[in-house]
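If you're matching them up, the sequences are chains P and D in order.
Quick note: UniProt numbering has the first sequence finishing at residue 627, numbered continuously throughout.
Quick note: UniProt numbering has the second sequence finishing at residue 883, numbered continuously throughout.
Keep in mind the hints are simulated off the structure, nothing from the lab.
Just so you know, even glycine gets a beta-carbon here, dropped at the ideal spot from N, CA and C.
Relax, there's no trap hidden among the hints.
Only pairs whose alpha carbons sit at most 27 Å apart, straight line, appear in this in silico BS3-like list of lysine-lysine: (1) P:K87 - D:K550; (2) P:K220 - P:K239; (3) P:K239 - P:K87; (4) D:K64 - D:K829; (5) P:K290 - D:K550; (6) D:K867 - D:K831; (7) P:K596 - P:K566; (8) D:K627 - P:K87; (9) D:K814 - D:K831; (10) D:K808 - D:K867; (11) P:K239 - D:K550; (12) D:K38 - D:K831; (13) D:K38 - D:K829; (14) D:K829 - D:K814; (15) P:K239 - D:K627.
Chain P is nowhere near these chain D residues, computed Cβ spacing over 12 Å in every case: (16) E59; (17) A84; (18) E235; (19) L289; (20) T294; (21) W310; (22) R452; (23) E467; (24) H511; (25) G700; (26) I740.
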Amino acid sequence: MQIEQLLRTQAGYLAPEWERQAANLRDFWAEYRRSLEDPEGFWGEEARRFSWFQPFERVLEWKFPDHRWFLGGRTNITYNALDRHAKGPGRNRVALLYLGEDGREQKLTYGELLDRVARFATALRALGVREGDRVIVYMPLTPEGIIAMLACARIGAVHSVVYAGLGVAALRERIQDAGARLVVAGDVSYRRGKPVDLESIVLQATQGLDVHVVWFNRSKAVPEGPHHSDFNALLWRHKPEAEAVPLDSEHPLFILYTSGSTGKPKGVVHVHGGYMVGVAYHLRTFFDVKEDEVFWATSDIGWIVGHSYIVYAPLLLGVTSVLREGAPDYPDPSALWGAVERYRVNVIFTAPTAVRMFMKYGPEWPARHDLSSLRLLAVAGEPLNPEAWRWAYTHLMDEGRRGFVVDNWWQTELGGPTLGTPVTLEARPGFAGVPLPGVEAKVVDAEGKEVPPGKGGLLVLRRPFPHMMRTIWGDHGRYVRYWEEVPGGVYAAGDVASRSEDGYFTVLGRADDVLNVAGHRIGTAEVESALVSHPAVAEAAVIGVPDPIKGERIQAFAVLRAGWAKTPALQQEVVQHVRQQLGPIATPGELVFVDKLPKTRSGKILRRLLRAQALGQDPGDLSTLEE
Amino acid sequence: MAQTRKLTTVQTALRVLAYLAEHPEGVEAARLAAFLGKSLSTAYALLASLVAEGFAEREGSLYKLSRTALARSPAPLVEPERLADALEELYLRTRERTYLALLDREGRLRLSTRGRQGLPKLSGVEEVIAEGFHALALGKAVLAFLEPEVQAGHLQNLRAYTPLTLTDPLTLEEELAKVRRMGFAVEIEEHALGLSSLAAPIFDPEGRVLGALGVVVPSRRFPYAFTRLVQAVQEVAKAASSYHPTEPVSVGSELLSQPLENLPEPPPTPACEEKAVPAPPRLVAEANLRDYRTEYERSLRDPEGFWAAWARRFFWFSPWKEVCRLEPPHHRWFVGAETNITYNALDRYAEGPRRNHLALIALAGDGAVHKLTYRELRDLTSRLAGGLRALGVGPGDRVAVYMPTGLEMALTFLACARIGAVHVAVPAGMGAQALRERLVDTGARLLVAADRMYQGGRVLPFAGLIEEAVQDLDLEVLWFSRGGNARPLEFWELVEAHRPNTPPLPVDSEHPLFILYTSGSTGKPKGVVHVHGGYMVGITYHLRALFDLKEGDVMWATADLSWIVGHSYGLYAPLLEGLTTVLRAERLDYPDPGSFYETLEECGVNVLLTSPTWLRTFRRHGEEWAKGADLGALRLVGCVGEYLAPEVWRWARNHLAHVLDNWWQTETGGPCLSTPVCMPAKPGKAGLPLPGVEMRVVDGLGRELPPGEKGHLVICKPFPHFMRTFWNDDRRYIEQWSRIPGCYTTGDIAVRDEEGYIALLGRSDDVIKAGELRIGTAEIEGAMLAHPAVAEAAAIGVPDPEGGEVVKVYVVLKTREASLEARAILSDKLKSHLRRQLGSLSLAIEVLIVERLPRTKSGKIMRRLLKAQELGADPGDLSTLEP
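Could you build the full structure based on these sequences and the hints that come with them?
Take a look at the structure:
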């Protein structure tokens with residue numbers, strides 16, 4: 001018995017028999033082989049599950065490094081996400097289930113959501129928004145935020161959601177980069193029982209810009225004016241007339257900004273056709289969601305996970321998608337589990353940082369609730385450490401009797417899960433999993449040569465798939481660099497990974513100066529420039545140090561200008577300044593004032609040394625250090 | 001302002017003319033002054049100016065209408081070659097600003113004008129709008145002569161009134177109707193203080209209206225210039241027309257009593273026989289029931305096969321041995337089978353693909369919105385059912401429910417049904433004595449009660465009333481408290497304290513589901529008993545076949561949940577069919593009438609089931625409230641509760657959706673008469689007997705009467721959802737089947753037409769015997785509602801000294817404020833209107849204008865109370881009276 005247990009541990013874990021039997025994708029390997037042998041047949045078949053105003057003529061056009069999918073086809077993602085369900089027997093199925101920290105709930109059926117979206121789309125048109133125009137959505141996690149997104153997509157406008165935790169500089173930069181003339185913004189978001197002011201951030205970020213703001217007001221009533229409208233007044237003033245506009249498969253659906261190593265965020269562009277086909281495919285096959293189930297992605301609409309798995313994929317499949325505003329451990333650490341019990345959530349998709357947080361609170365909190373409906377917990381965003389995996393398996397999935405825990409890895413650029421552990425395969429804690437259908441992944445060295453199993457290297461993808469980004473907004477050269485960074489015509493993910501003998505990948509961390517804080521990618525350069533924008537700071541450097549909950553936390557070093565004293569008050573002020581500029585997630589956990597920063601002779605800041613010092617590690621080769 | 005401005009000079013002049021016409025014998029100035037409510041000198045001044053203008057003549061102290069004033073022009077007008085000439089001609093003859101309005105293809109009026117330089121000066125009115133509203137009288141003149149169907153198309157462009165109209169439009173309309181009857185084919189409109197206009201229509205050779213010619217004058221000159229202007233406008237317009245609808249009739253007293261049809265009749269008045277109106281073609285094509293006749297015949301030929309086929313859509317824990325066992329007058333259905341209505345209404349869906357579909361949208365009176373999926377509703381019901389069991393409630397026990405419509409009430413019904421207990425809803429607001437009577441009559445074990453209710457911006461406290469009602473009774477009260485004042489046994493605490501693990505109890509098909517006391521329009525309340533099996537089968541059949549609900553539909557029955565309509569179509573039937581139902585606690589017109597349309601729009605209601613009262617109310621509030629709303633989802637409007645007048649039917653059809661009038665009672669559980677969408681509807685008639693329901697119009701001996709003859713409406717055979725008995729009073733049930741041999745007496749008087757459509761004429765105790773005439777109150781009320789000024793009407797018979805009855809009609813006017821003298825005139829007018837409509841000129845009628853009518857909570861007019869007030873008699877049980 002003991003030996004068997006040990007063997008099982010070594011060999012990994014299996015989902016319960018009933019779950020594997022009931023899986024939407026039973027024979028993973030056959031599917032995987034087919035997806036690589038005949039990608040056009042494979043994705044073409046998936047695409048035909050949807051409604052096309054005009055059928056596509058060709059599945060793929062691959063002119064390195066550009067790829068286009070479903071050529072000649074015309075569709076609209078919102079027709080497939082809304083009209084298809086709302087105009088049939090699925091009209092009264094709950095599409096969105098919104099929960100507030102205070103227990104407030106709001107449900108919108110497919111019929112209602114379509115109605116609201118069509119009204120808001122009509123309103124956007126009335127405000128002058130046309131096909132291809134960019135609209136910034138700076139909204140709390142509410143149905144209204146989703147309505148704004150879908151309304152844009154419905155009329156062919158391009159939404160660019162900015163996470164409502166980002167600060168003034170980040171928002172302003174995105175408005176300008178996208179060239180948006182309209183911002184849909186909330187006045188507050190609610191977190192830990194308190195309103196968080198968004199209004200002043202928006203007002204500062206739009207100062208002097210020619211933008212119209214549609215306010216979703218919850219803290220107060222604001223009369224409408226020439227440059228601002230009220231979300232609800234605007235919506236109800238218009239009739240649900242706007243139909244889904246037939247758009248080319250390659251028509252841009254959204255721009256979502258992600259951090260890079262150079263400081264300037266990159267606007268990742270996804271399109272109607274391919275994105276729709278890909279994200280829905282993985283919800284069905286990887287997340288294994290069934291038609292009548294309740295799916296909960298605990299992310300935010302400000303991130304790619306929210307785009308794909310709060311909004312688009314669940315609606316495309318016609319299931320019920322849960323969104324909860326606020327902190328998952330507020331008002332108490334079982335808040336999330338109470339909601340799982342009450343709404344009988346079947347599949348949860350969350351981040352390792354959340355699992356580690358629940359681990360910290362202890363198993364007694366989930367034990368208070370009837371979690372019998374929960375049968376799958378999927379985790380992505382950063383590496384999930386084996387302890388956290390096992391804790392979730394033991395305490396949330398009742399030692400695997402209730403269901404299963406699956407890890408997966410992807411990025412904003414990739415739109416949907418890329419590496420992952422399907423429910424029918426065994427799970428190896430610490431490993432994200434295998435390449436999913438459509439994905440050909442390798443671990444290579446800097447020359448593009450595949451490294452042997454067990455060795456670390458760069459994670460690359462050898463071919464595109466439909467839901468992979470098309471370009472970087474306004475900077476196609478930067479898109480091309482993804483494919484040229486590593487020789488061999490591969491897409492470099494920017495992560496370091498290693499592969500086991502039998503093809504399981506483990507992702508170790510970023511290869512560049514990008515931090516991963518609680519699953520959010522933050523460029524060190526971004527934080528550094530925010531620091532130096534404070535008048536007291538002459539020079540700054542930022543590193544990531546391991547954090548038991550968040551995975552990584554930001555530690556900042558700053559050199560003050562002459563005449564400024566190193567006081568705790570100034571420390572506070574500088575941290576507040578960064579918070580105001582970039583938002584709470586990019587706020588340094590710690591700020592140290594130093595006299596000088598270690599630099600290489602060429603003048604580059606040696607973050608490695610700072611990191612080693614901070615962690616008390618061996619700094620390694622310091623030969624290049626400036627004397 | 002409204003009171004003093006009501007009758008301006010122009011209108012006063014018109015009224016004087018009309019009054020003179022009504023009194024050919026002559027009128028003294030003093031009498032006129034009294035009639036007008038003005039000083040004697042004003043009356044003299046008016047009369048003098050009318051005489052001076054040749055419109056009236058004086059004989060001693062009496063004033064009469066001048067006959068010469070209305071004589072034809074001695075020199076017939078030379079027919080103008082073009083309409084422009086007519087405009088010029090009119091200008092030359094009147095020397096006032098004249099207008100020609102021609103209708104274009106889109107229904108807009110194109111204006112041309114001739115006059116002295118510049119526009120007439122308008123006091124108090126912005127210059128910008130001046131041009132537009134000159135069309136008013138012109139527009140009205142055109143509108144009045146358009147065919148009704150065509151008119152509808154033009155209405156969006158042509159409006160009869162503007163906000164600028166200072167006079168009460170209806171009063172003005174009244175006066176105009178008289179003037180028209182005197183032969184002036186004119187329309188008049190006072191745009192603003194100091195400006196009036198006058199117009200007449202122009203026709204093409206086929207008799208279609210082309211446009212109108214008119215003139216605008218300052219009001220102060222208007223009474224004096226009136227005769228001249230009327231003649232000029234009329235003659236020129238007549239000459240310009242190539243067709244003359246009707247020769248003007250010379251004025252005479254006999255004219256006023258002539259039927260309106262013979263006159264150039266502008267406002268369409270309803271004919272006695274309504275034209276059948278088919279449902280919109282798409283509805284007919286997609287109807288669930290496409291062949292009514294075949295289905296109906298099949299249902300009567302083989303009722304057992306018919307109902308059994310439908311019953312198979314439900315889950316039965318054990319099958320029936322016999323579909324129906326008749327032991328007249330008793331009947332049992334699905335004999336030997338076991339089921340539970342909540343298994344079929346909840347668990348079936350909560351465990352299937354519809355688990356995340358909305359079952360219920362509950363809009364509470366305090367503004368809270370609850371939306372529950374089937375899964376959630378099942379879980380909450382199961383929790384509460386566990387709670388009720390813990391309180392000792394067992395199968396067969398009665399549980400009284402005294403709550404406002406809402407989630408808690410729905411849960412209570414379902415939880416009772418789940419454990420086989422019998423719910424007894426008592427309408428919230430009913431008095432302590434009535435509640436106590438019902439608690440005692442049913443021997444209730446538990447009372448589930450709300451401590452308050454929010455309605456119309458008020459809080460109605462119930463706690464004191466409930467404590468009074470339950471005093472010394474051996475029963476517990478489960479409180480739903482909302483005042484922050486928690487009581488020992490709280491509804492939500494009980495729900496939270498139990499796990500959702502109480503399964504539905506399999507009960508016999510004939511196990512009682514609920515007792516519902518009928519509204520007291522017929523005396524002592526009776527507890528109607530309905531059962532799990534047959535009720536479930538019957539009401540769902542009609543949901544699909546009559547109300548035509550489809551998958552994914554939202555249904556809204558506006559009735560209170562404590563009424564049969566609420567039980568059947570607010571709760572059970574939509575849930576049994578896996579659809580979404582809307583429950584709304586608040587009055588439909590609170591905080592304003594727009595609220596009703598908002599609910600329709602926001603919930604995406606496909607089928608509305610409401611009452612004539614509400615439709616009349618919304619008609620009275622006007623369609624402006626509906627304008628902003630998008631009612632694209634609304635397909636059908638069912639209407640039940642009392643007589644639905646054709647005007648109201650048409651209004652609802654034009655502004656909401658196709659209307660299904662239907663007739664049923666608490667006793668019948670579901671609709672009995674109506675017009676399925678595949679058949680053309682006849683406004684004013686309840687409709688055809690529905691499949692499974694055999695109904696006849698019979699005489700006192702049970703003999704079927706030929707079409708057109710009034711008689712008693714009876715049900716020939718019971719059907720599955722027909723009541724089983726009266727609680728504790730089976731004798732009364734048997735009696736109801738024996739009053740007329742072999743059939744169940746509904747207590748209503750009806751008449752059937754050749755095609756089988758049945759019209760309800762009122763309760764049999766609501767029939768008035770006036771002289772030779774037997775008239776149903778509904779008939780009188782319908783005729784009264786045909787008058788444009790009437791919003792609501794209630795008729796009763798009052799004994800007269802000669803032993804017959806006098807018809808007394810209580811009328812609520814559409815316009816809220818009307819001066820006493822206006823009311824006096826109007827009630828006279830209504831009298832003659834009613835006589836004409838009923839075709840009996842000698843009928844003794846009294847008309848009383850009142851502010852509101854007493855109604856039962858379900859919206860039925862309490863004629864019994866009106867009658868009791870009239871006779872000083874004891875009104876009997878008033879517990880169901882609306883507060």
